[in-house]
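Mapping of the sequence shown onto the working numbering: residues 3 to 212, in sequence order.
Hints were generated in silico from the structure; no laboratory data involved. Bear in mind the structure is a predicted one, so any value in this text is a computation, not a measurement. Here a beta-carbon is modelled for each residue, glycine too, at the ideal position from N, C-alpha and C. None of the hints are false.
With a Cα cut of at most 16 Å, we get these calculated EDC-like pairs of lysine to aspartate or glutamate:
#: 1; residue 1: Lys54; residue 2: Asp99
#: 2; residue 1: Lys50; residue 2: Asp71
#: 3; residue 1: Lys54; residue 2: Asp71
#: 4; residue 1: Lys83; residue 2: Glu111
#: 5; residue 1: Lys101; residue 2: Asp44
#: 6; residue 1: Lys56; residue 2: Asp99
#: 7; residue 1: Lys68; residue 2: Glu125
Cβ pair distances, simulated, as ranges:
#: 8; residue 1: Gly85; residue 2: Trp184; range: 25 to 31 Å
#: 9; residue 1: Glu176; residue 2: Asp200; range: 28 to 34 Å
#: 10; residue 1: Leu84; residue 2: Glu51; range: 30 to 36 Å
#: 11; residue 1: Asp42; residue 2: Trp184; range: 16 to 22 Å
#: 12; residue 1: Asp200; residue 2: Leu175; range: 28 to 34 Å
#: 13; residue 1: Gly102; residue 2: Asp141; range: 33 to 39 Å
#: 14; residue 1: Pro49; residue 2: Val196; range: 38 to 44 Å
#: 15; residue 1: Pro59; residue 2: Asp104; range: 29 to 35 Å
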Amino acid sequence: MNIGPWLIGIVGGSGSGKTSVAKALFQKLKEEGVSPTLLDLDAYYNPKEVNKNKFAPDPINYDHPKALDVELMANHLSQLKLGQAIQKPLYDFTVSDRKGWDAPMSAKEVVILEGLLLFALPEIRSQLDVKVFVDTDPDIRLIRRLNRDMNERKRTFDSVIRQYEFSVRPMHLEFVEPSKRWADIIIPVGVENVTALDMLFHHVLARIKK
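Please work from the sequences and hints to get the whole structure.
Encoded structure:
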């Protein structure tokens, strides 16, 4: 018998499709009567003023582990594993700041986490029961990031490209890509890889129904 929910970490570069994989797995598990919980690392960015102080005098680098409230997320994962409720932060990407706290949430069977740096953070990685890396070509990732940031986060084309050159690509090479060595499962392309997604789904389903 499992003690507490099973924690699944899904990592990949920005625009790799990790969010789509997480949502697809979430939906497939729900259809089987499982009660999954979704949690994203992006919600755990530090408040803007905290990050300004951390990175001063340089611009805030949102792709660096220092921009994240790692202690809070690690504590939240520990609480979820103990069956306790948490209130995750609410983060507003249009102003790059924390805007409050979500409603209390708990987890019964499985928690699906997704984020760039989950495997690069020992405090988080050590709590994961299965680690999945979504491996997608850089050009596809950049196009997806442009579409997302311009349409959903109201960014300009130039600002997205500047951030990609300043932090996204260098931090991917320094932190994200090397963390692939921690993965238990690698999914090429992303959610379009139906075979890999089905294998992951059946593995998780079999494990939590033991």
